[in-house]
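Listed below are the residues making up each chain.
Protein chains: 2
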Amino acid sequence: MSLSRREIMGASAVAVAASMAAPPLRAAAPQTGQQAPGFYRYRVGSIEITVVNDGVSRMPIGEGFVENASKDQINAALEAAFLEKDFYAGPYNPIVINTGTKVALVDTGTGEAAFKASKGLNGRLLPISLAAAGFDANAIDAVIISHYHLDHIDGLLKADGSLAFPNAEILVPAAEHNFWMDDGEMSRATKPRVVFGFKNVRRVMSAEVLKRIRTYEWNKEVIPGVTAIATPGHTPGHTSHVIASGGKAVYAQADVTHAPFLFARHPDWHFMLDVDPVAAEATRRKVYDMLVADKMLVQGFHYPFPAVGHVEKSGTGYREVLVNWSATV
Amino acid sequence: MSLSRREIMGASAVAVAASMAAPPLRAAAPQTGQQAPGFYRYRVGSIEITVVNDGVSRMPIGEGFVENASKDQINAALEAAFLEKDFYAGPYNPIVINTGTKVALVDTGTGEAAFKASKGLNGRLLPISLAAAGFDANAIDAVIISHYHLDHIDGLLKADGSLAFPNAEILVPAAEHNFWMDDGEMSRATKPRVVFGFKNVRRVMSAEVLKRIRTYEWNKEVIPGVTAIATPGHTPGHTSHVIASGGKAVYAQADVTHAPFLFARHPDWHFMLDVDPVAAEATRRKVYDMLVADKMLVQGFHYPFPAVGHVEKSGTGYREVLVNWSATV
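Taken in sequence, the protein lines are chains A and B. Under our numbering, the first residue of the first sequence is numbered 1, with each subsequent residue one higher. Under our numbering, the first residue of the second sequence is numbered 330, with each subsequent residue one higher.
The reader is advised that the hints may include incorrect statements.
Said to hold, decoys possible - List time: in silico DSSO-like cross-link candidates among lysine-lysine, alpha-carbon distance up to 27 Å:
#1 K71/A / K642/B
#2 K414/B / K313/A
#3 K642/B / K85/A
To be clear, the hints were calculated from the coordinates, so they are not data collected in a lab. Please read these numbers as outputs of a predicted model, since none were measured by experiment.
Model the full assembly from the supplied sequences, consistent with the hints where possible.
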């Protein structure tokens, strides 16, 4: 039995050389280079949830990506997760909640405009994933926003500035809206936060968008079956959503942890996009301790697609265990 | 911040009651109940691999499912993996290897006939997954078989007994073919192994199939880029395949471990379908120690879809870490 990688690759090389004598043919089916559609469905009681992938970013990790961890520490975490070093490959996963009476999209992805502005992002697959899952943009009754970072709100608009979901009411956390629309807060913010945060929010919050906005409060239902939960820190009004039906529930955590292979494993790490990293860490620990204790299903915006699973304790942090892919809904 | 599951569900119930006053409407898009197509593509050098899911079985776990573990121990393993107790939900994942000059399907799934015979299986999604991935059955140039269990060979035939892949050469491990076609071996086998093994093999090995069979040897190339590796135990001729190109490789392990959430975590467990469980365990430990040491990519037939990832040490066993879903190939 030949089992070392070296022996295997050696045997393979010999065999490849031997096969060179055979005349090359073209396969009956071409290589396509096309990935499968990025959607996944599951049920919570009578509610049907569809995860709709907006792509995966690939950005070089620069200084300050994690405020209190070195690049070596980050690379060690990437290596432990069998991921490429020096790069952040970040998944983006909005969801569609179909209650039977309402079709609500939670968060909108990076959008076309943001994609063009930030070369590092290769998101904006949401329209493709929605179409593959059978959703017309006009059929979205509501867009529920968790917080005002660009990868969650920029997809509200098409590249030409028109509404991406023209029939949708836009439901936003009151605390989040108030923070980012406050000129006093903007005047005290760092320059990147002004450019990518406050100014971007003002660009997206066009007259057309503002007309459709309804703010919602924590601990209340946003739409039937979907309750807003306060999880501030990442942003001041950052909100998670519990989707519940028939005694079942899933905790849609938005960015309580950003990519779990970094920030669930290391709940003490302070991500550069956290507005209040200390509050973000406290929220993260409380939420994750609850998820572990209650074995609660969790949906994570920056989890690897299909981005739904459970959480367990692991070392000094936590680890996500994605659900086994089901061939049925 | 209301964070316990009990509080969340309570808040949700109150909110649901409050929303009952609103008139019920029908959503603009119906719930579909339709899962996404079960395929996933990735590259190994110049080779394109497409994982094509054949479904997930759901079978009650009876006595003897694992020869040397109690039902309580099995349930504990299922619970640790956040899976339903008392049931084995087993994924089936053939792959298509497109080298550019050849399109080879590795293993064929449970097939229509086997599905009808074994009520517990809800596989036979392979034709649907192949079609979704753009493969016509006529475009399959070769079928490579890892071993002769029914979930690997029965898909060679349609329900009417005709060839499922009419243009394919059928490449089978010589040691495996010789064992299951040996009447002396059949005369010494247990009754279930005769019915579901030897007799099933004789049914599938029709004159049409036998005409297309070519046996292959271990440590040799099966098709260019694909080398057969001896991994006996699960069956006497059980074979894994290393797919290598451009200095990259993936180890397609077939059933070196059956479902990893049971048998990678517990490499000492003897699965009822192992013909020689002691040899199967020895093979499993050697292969998994190599996969861990070399951080080699592994594709597992009974891994959860997309069934490709890496392996790490975990407790007294191993644990699979599936790749993060990539939106590109």
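Outcome of the hint check:
1. K71/A / K642/B: With Cα atoms ~25 Å apart, K71/A and K642/B stay inside 27 Å; holds.
2. K414/B / K313/A: The hint holds at about 21 Å.
3. K642/B / K85/A: OK: K642/B and K85/A at ~21 Å, within 27 Å.
Taken one by one, the earlier hints all hold for this structure without exception.
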